[in-house]
Amino acid sequence: MKIAMLISGGVDSSVALALLKEQGHDVTAFYLKIWLEDELSYLGNCPWEDDLEFVRKVCEQFAVPLEVVSMQQAYWSKVVAYTIAEVQAGRTPNPDVLCNQHVKFGAFYDYISDEYDYVATGHYAQVEHGTEFSILKKAPDLVKDQTYFLCQLSQQQLRRVLFPIGHLEKHEVRQLAQTFNLPNKERKDSQGICFLGKFKFADFLRAHLGDKPGDFIEFESGKVVGSHQGFWYYTIGQRQGIGLSGGPWYVVAKDTTKNVVFISKQYQNAAESKSGVVVNSMNIISQEISLASQLHVKYRHGADIHPVTITRDGDAWVITLQQESKQGIATGQFAVLYDGSQCVGGGIIDKAF
1 MKIAMLISGG
11 VDSSVALALL
21 KEQGHDVTAF
31 YLKIWLEDEL
41 SYLGNCPWED
51 DLEFVRKVCE
61 QFAVPLEVVS
71 MQQAYWSKVV
81 AYTIAEVQAG
91 RTPNPDVLCN
101 QHVKFGAFYD
111 YISDEYDYVA
121 TGHYAQVEHG
131 TEFSILKKAP
141 DLVKDQTYFL
151 CQLSQQQLRR
161 VLFPIGHLEK
171 HEVRQLAQTF
181 NLPNKERKDS
191 QGICFLGKFK
201 FADFLRAHLG
211 DKPGDFIEFE
221 SGKVVGSHQG
231 FWYYTIGQRQ
241 GIGLSGGPWY
251 VVAKDTTKNV
261 VFISKQYQNA
271 AESKSGVVVN
281 SMNIISQEIS
291 LASQLHVKYR
301 HGADIHPVTI
311 TRDGDAWVIT
321 LQQESKQGIA
331 TGQFAVLYDG
341 SQCVGGGIID
351 KAF
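In full-length UniProt numbering, the protein residues as written are 1 to 353.
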């Protein structure tokens, strides 16, 4: 098969490329350049330069042609601008979900047109291509599973996808990197938002939104216990970065109109725990699902998953937890539905209740 391999310079996509070559496929590697030099020059040197050096070494090792493709314009308009607007409105967006939907499996598809049979990535996810539908399924490594970030893919997008390492656990991928003697075999996993690389999200927000001093208020007592530099630096459930003594403190609510961040020493704060969410636009990846099925929901990437009951109110999906209520659910996040190991789809949380 003729395969377009999206490679990042990390271990996962490099092992995926090596496996495809080992299987005898006709592989071309593509590095998507999304780093915004002009807009983010204040943060320092471009992190993609290190990535691209590793990409070139891996491609040379396996004699795979490499093409560097600029996706900066698409990334800015579809991902970065949206992220800034959502944060400024007090919500918690997920740029990586949008990047997959609009850039890796959107603008890049437009770029390569029909020249390739499949597009492969280093995601920890599995896809089963049937005669009628392609089904997105969780990886066996439930901690690394990345189906959450793929919840907005359409059936048309998923039909062209391959995940060469999706059936493996992380330690197995690391072992394969050693076996293949990859130049990046010791490289650590990347963390954080893809377009920022090693730089902090707070620094990015500061450059675009500035600082706006406001109060930290203890949720239970209503007392001012400290000051912050802007509500947009904080998200519901956050613990790190509050910077106050006497903690640990957790962000439990925000008043964006008054620029107030409410914090508590109790993560499971009963008054701010949520028993469900409303999603007004739900993307269903494969076929329509039965609301009578035993479905589960994820509110964030990771192994944490909860059984739910779902009802429809017009276009709105009302997703109610069957067990205890949860803290840390924020509007703007994605609620992603699962039927067993299958990722059914997901949508942006418009309201938590």
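Among the hints, erroneous ones may be present.
In silico DSSO-like pairs for lysine-lysine, Cα to Cα no more than 30 Å straight-line [to be verified]:
id : residue 1 : residue 2
1  : Lys33     : Lys137
2  : Lys200    : Lys188
3  : Lys78     : Lys265
4  : Lys265    : Lys200
5  : Lys351    : Lys265
6  : Lys200    : Lys2
7  : Lys212    : Lys185
8  : Lys200    : Lys33
9  : Lys33     : Lys188
10 : Lys265    : Lys170
11 : Lys326    : Lys170
12 : Lys78     : Lys137
13 : Lys258    : Lys274
Here are the simulated distance ranges between beta carbons [to be verified]:
id : residue 1 : residue 2 : range
14 : Gln156    : Arg312    : 23 to 29 Å
15 : Trp76     : Asp215    : 31 to 37 Å
16 : Ser190    : Pro140    : 42 to 48 Å
17 : Gly243    : Glu220    : 25 to 31 Å
18 : Glu60     : Glu132    : 40 to 46 Å
19 : Gln240    : Phe133    : 29 to 35 Å
20 : Lys351    : Gln323    : 17 to 23 Å
21 : Ser77     : Gln156    : 53 to 59 Å
22 : Glu53     : Glu115    : 38 to 44 Å
For the record, the hints were derived by calculation from the structure and aren't laboratory data. By construction, the Cβ of each residue, glycine as well, lies at the ideal position given by its N, Cα and C atoms.
For the pair supplied as a hint, Lys351 and Lys265, is the alpha-carbon distance within the 30 Å limit?
24 Å, holds
Distance restraint hint 53 to 59 Å, applied to the beta-carbon atoms of Ser77 and Gln156
For Ser77 and Gln156 the Cβ distance comes to about 21 Å; the hint is violated.
Check whether the Cα positions of Lys265 and Lys170 lie no farther apart than 30 Å.
35 Å, violated
Holds or violated: Lys200 to Lys2, with C-alpha atoms at most 30 Å apart
38 Å, violated
Verdict for Trp76, Asp215 (Cβ pair) under range 31 to 37 Å
Once the Cβ atoms are compared, 33 Å apart, the range 31 to 37 Å for Asp215 and Trp76 holds.
Within 25 to 31 Å: is that where the Cβ-Cβ distance between Gly243 and Glu220 falls?
20 Å, violated
Please verify whether Lys33 and Lys188 have alpha carbons no more than 30 Å apart.
It holds: about 20 Å lies between the C-alpha atoms, which stays within 30 Å.
Within 30 Å, alpha carbon to alpha carbon, are Lys78 and Lys137?
Roughly 26 Å between the alpha carbons, so the hint for Lys78 and Lys137 holds.
Does the Cβ distance between Lys351 and Gln323 fall inside 17 to 23 Å?
At 20 Å between Cβs, range holds.
CB of Gln156 to CB of Arg312, is that within 23 to 29 Å?
Roughly 24 Å apart at Cβ, these two residues keep to the hinted range, so it holds.
Between Lys200 and Lys188, does the CA-CA distance stay at or below 30 Å?
Given pair Lys200, Lys188 holds - Cα atoms ~17 Å apart, limit 30 Å.
Is it true that the C-beta distance of Glu53 to Glu115 lies inside 38 to 44 Å, as the hint says?
The hinted range 38 to 44 Å is violated for Glu53 and Glu115, with Cβ atoms some 27 Å apart.
Violated hints for the displayed structure, listed by number in ascending order: 3, 6, 7, 10, 16, 17, 19, 21 and 22.
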